[in-house]
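Trainee: Sequence:
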Amino acid sequence: MTYLFDLGKYSRPITTSRPEAQLWFDRGLAWIYGFNHEEAANCFQEVARIDSSCGMAYWGIALANGPFYNLPWEWLSDDEAEKAVLTCYGAAQQALGRSGSATPVERALIQALSRRYPSEKVESIEEFHRWD
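With full-length UniProt numbering applied, the sequence shown closes on residue 132, and no number is skipped along the way.
These aren't lab readings, by the way, just hints derived from the structure by calculation. Careful: at least some of the hints might be erroneous.
[Stated by the list, open to error] What follows is a list of derived Cβ distance ranges for each label pair:
1) S11 - N36: 33 to 43 Å
2) E127 - Y69: 27 to 37 Å
3) K9 - E123: 36 to 46 Å
4) E120 - G8: 29 to 39 Å
5) S77 - R116: 13 to 23 Å
Heads up, the beta-carbon is just placed ideally off N, CA and C, and yes, glycines get one too.
Using the sequences and the hints, build the whole thing.
Mentor: So, in structure tokens, the structure goes:
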């Protein structure tokens with residue numbers, strides 16, 4: 001697949017046997033660093049499509065679909081917050097389930113993000129703040 005954006009040569013190696021998955025992961029990470037979380041999420045979804053056993057693909061999905069500095073929890077509508085929680089919790093759980101063959105650093109990243117999304121249901125904005 002042709003990709004229209006040249007995001008440079010930055011790479012963060014992940015546990016995958018698929019070079020194309022690595023390429024899409026690096027693109028997703030570059031978009032995260034550039035605060036384009038929507039495009040990052042698309043890239044991480046592509047990693048999961050290419051290598052469904054890659055825990056870091058799901059880590060990226062959880063990271064990209066959650067709140068961040070420029071889009072905190074309180075700016076989300078109730079529906080957006082609910083969708084984010086379900087997506088992020090589900091992806092974090094998928095990442096945990098695939099972390100057995102991950103490197104120690106990858107496991108630490110996956111475990112840390114899974115603690116940010118400890119539940120698929122949130123009762124209040126105060127609870128969101130405890131997650132941050």
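Trainee: Hint by hint, note whether the structure agrees.
Mentor: Structure-based check of all given hints:
{"no.": "1", "hint": "S11 - N36: 33 to 43 Å", "in the structure": "18 Å, violated"}
{"no.": "2", "hint": "E127 - Y69: 27 to 37 Å", "in the structure": "20 Å, violated"}
{"no.": "3", "hint": "K9 - E123: 36 to 46 Å", "in the structure": "44 Å, holds"}
{"no.": "4", "hint": "E120 - G8: 29 to 39 Å", "in the structure": "36 Å, holds"}
{"no.": "5", "hint": "S77 - R116: 13 to 23 Å", "in the structure": "20 Å, holds"}
Hint check: violations occur at hints 1 and 2; the rest are consistent with the structure.
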